[in-house]
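2 protein chains.
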Amino acid sequence: MTAASGTGATELFGKVALLGVGLIGSSLALACRRHGLAGRLAGYARSAESREVIERLRLTDSVHAEPAEAVADADLVVLCVPVGANAAVAEAMLPGLKPGAIVTDVGSVKQAVIRDVGPLLPEGVHFVPGHPIAGTEHSGPAAGFADLFEERYCVLTPPPGADEAAVGRVAELWRRCGSRVETMEPAHHDKVLAMTSHLPHLISYTIVGTAYDLAESERGEVIKFAAGGFRDFTRIAGSDPVMWRDIFLNNREAVLEILQRFGEDLSRLQRAIRWGEAEVLEDRFRRTREIRRGVIQLGQAGTFDAREPHKDDEAG
Amino acid sequence: MTAASGTGATELFGKVALLGVGLIGSSLALACRRHGLAGRLAGYARSAESREVIERLRLTDSVHAEPAEAVADADLVVLCVPVGANAAVAEAMLPGLKPGAIVTDVGSVKQAVIRDVGPLLPEGVHFVPGHPIAGTEHSGPAAGFADLFEERYCVLTPPPGADEAAVGRVAELWRRCGSRVETMEPAHHDKVLAMTSHLPHLISYTIVGTAYDLAESERGEVIKFAAGGFRDFTRIAGSDPVMWRDIFLNNREAVLEILQRFGEDLSRLQRAIRWGEAEVLEDRFRRTREIRRGVIQLGQAGTFDAREPHKDDEAG
Ligand SMILES: NC(=O)c1ccc[n+]([C@@H]2O[C@H](COP(=O)([O-])OP(=O)(O)OC[C@H]3O[C@@H](n4cnc5c(N)ncnc54)[C@H](OP(=O)(O)O)[C@@H]3O)[C@@H](O)[C@H]2O)c1
Ligand SMILES: NC(=O)c1ccc[n+]([C@@H]2O[C@H](COP(=O)([O-])OP(=O)(O)OC[C@H]3O[C@@H](n4cnc5c(N)ncnc54)[C@H](OP(=O)(O)O)[C@@H]3O)[C@@H](O)[C@H]2O)c1
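Going line by line, the protein sequences match chains R and Z. At position 175 of the first sequence the residue is numbered 250 (the working numbering), and the sequence of numbers has no breaks. At position 283 of the second sequence the residue is numbered 358 (the working numbering), and the sequence of numbers has no breaks.
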């Protein structure tokens, strides 16, 4: 990581403003620095605490308490706040926004940002909504790392009539961060992500909540014996509550629809357990392996080690 | 790993027979070798393929196609087969079982093995059911590693009147493998594990199945965008179908009971999404973090890296 950004030759944008510098914003800042994608980086964060961290870690060249100040002169503005905060932050940046600037975002829901932010933007500003399918359960400006987006997909959902040059430049930004870029209808994005991300998080929050509600004594045992499978759910359910609240409120239809299907499928397995239908269980458990193989083959599996961190790596 | 087992001085058992040498059996073999816990190791496996692998990897000193041959002269016999296979394998070993031998198991359900195996054992043979709360989604004799059990809990559920010396020796075996040993009522074990292991697996199988049933085109996208949370479920749902079929068939009551609670909790969140109850969502999402903190503090979280294997470790 170099402290001074902008290596000149391969610079994609003169100035990039990150509105919100949490996990995603800080990772993008670090990736821009590493790959020399921005001449200058400006960051906006809501809280003084976060601004202090951003300054200390030198994540951006300047740090601002006002969106309008951060975006002044920026060629690219990236909204990196929870989905429900997009409208207010976008509204607040308008006075500083440069004509011809490109505005993008990283939100986990795409129809909502088009609905909330699209109408606010003046003529001549190019809006290219996006979503890097990359993340961890950590949040805040200190959680980022430069290779978060590497080998991950990034989905762009440009509205009809979007400026092709602007879409191309945003796509290039993500490609240079190491991502594979895809373009998609916003409604389709929201449906697919309801399955691959929103439902898994809802289920994880639920199951950890079910455990939380057990008697105090059992709660301790649940923690002790978490290595039996539960620990993965606790990790996912450790994600930021506000970010996820906003996702569910803003992708309601798609989440409820997939939840309906999930509920039916769970009832079927529940019935098979109740009535001892061994073949039904084995058959269902067997065919899901195909999906796992696909995830591994596509290099989207991440790395899980059943052992604790910092142990000798001498597995037999 | 030393090829010759038995270091003498700290040897706990003269001969240990592993009936079933899959993930757990092979890990136990490797751990016994590393820590010099057994004078001699014998392995039984059902299939010629597995026996070939066990021989090639020298997991045990002798490899047998018959349980009765494997247990001949053994001081400790460890059943390491799927829960539903315990009775048949135990029955088959009886002709070879030495008077005074200790029989234990590693099955994920404890009331069932007491019901199925307990009555078969002759007077003078000591039965100490056990369950190491450690595992991965891989199976078979090549999947094991010597430190699988390190820092993990191992639960023993001795039946009333169990021989204390025998319980003590089995506990010592696991402690020397690096585990923290706890003793528990079998019914209580089955209830706690239904929450921390069986329900998470059932849910994972279900959600991956729901994705599998999507239209072919969407299935491909689900795989692409798995990094949004889904990938963890595919890993858990990659576990052995027969092992898990047997667990659900043999811990039916406890699983159905916890599934009922989970269903109610999920309905509550579903309702909150439908009616836009922001505070309910945020509140539920917030309090589950306490559980995650507990899991980390107790060193039971394992290690997840959002990146793919074999990448540079230069996170910012
Ligand atoms: N985390 C993931 O895995 C992931 C993956 C892909 C996309 N996303 C999307 O990326 C966006 C940011 O997520 P993140 O994980 O980076 O979140 P984060 O780490 O919690 O950071 C959120 C940032 O937004 C600011 N913020 C929060 N609420 C705000 C408000 N009401 N007004 C103004 N600023 C506000 C925060 O400021 P303070 O620090 O001052 O509070 C912080 O700078 C979200 O839209 C999310 O859907 C997340
Ligand atoms: N995997 C985990 O995470 C985990 C954790 C804790 C406890 N356990 C428990 O440990 C036990 C073994 O699990 P594992 O993961 O080691 O399984 P595994 O890797 O699939 O190995 C199972 C072993 O049992 C043999 N086997 C399977 N069915 C049999 C049958 N009907 N008759 C005789 N032998 C049979 C297999 O022989 P072949 O190879 O010849 O088929 C293999 O040697 C199970 O009771 C499970 O509940 C598992």
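No lab work stands behind these hints: they were computed from the structure. Hints should not be assumed to be uniformly reliable.
Heads up, the list lumps identical chains together, so a pair's fine if it works in one copy or across two of them.
Unchecked claim - In silico lysine to aspartate or glutamate, DMTMM-like type, Cα no more than 20 Å apart, as pairs:
| no. | residue 1 | residue 2 |
| --- | --- | --- |
| 1 | LYS299 | GLU260 |
| 2 | LYS299 | GLU328 |
| 3 | LYS299 | GLU226 |
| 4 | LYS173 | GLU144 |
| 5 | LYS173 | GLU225 |
| 6 | LYS299 | ASP288 |
| 7 | LYS299 | GLU257 |
| 8 | LYS299 | GLU127 |
The hints, checked one at a time:
1. LYS299 - GLU260: Cα proximity of LYS299 and GLU260: across copies only (16 Å, versus 44 Å in one copy).
2. LYS299 - GLU328: Answer is neither; intra-copy 37 Å and inter-copy 22 Å both fail.
3. LYS299 - GLU226: between (35 Å within a copy, 11 Å between copies)
4. LYS173 - GLU144: within (11 Å within a copy, 82 Å between copies)
5. LYS173 - GLU225: Close neither inside one copy (30 Å) nor across copies (58 Å); limit 20 Å.
6. LYS299 - ASP288: This pair counts as within: shortest intra-copy Cα distance 16 Å, inter-copy 35 Å.
7. LYS299 - GLU257: Between copies only: 10 Å across chains, 42 Å inside a chain, cut-off 20 Å.
8. LYS299 - GLU127: neither (37 Å within a copy, 37 Å between copies)
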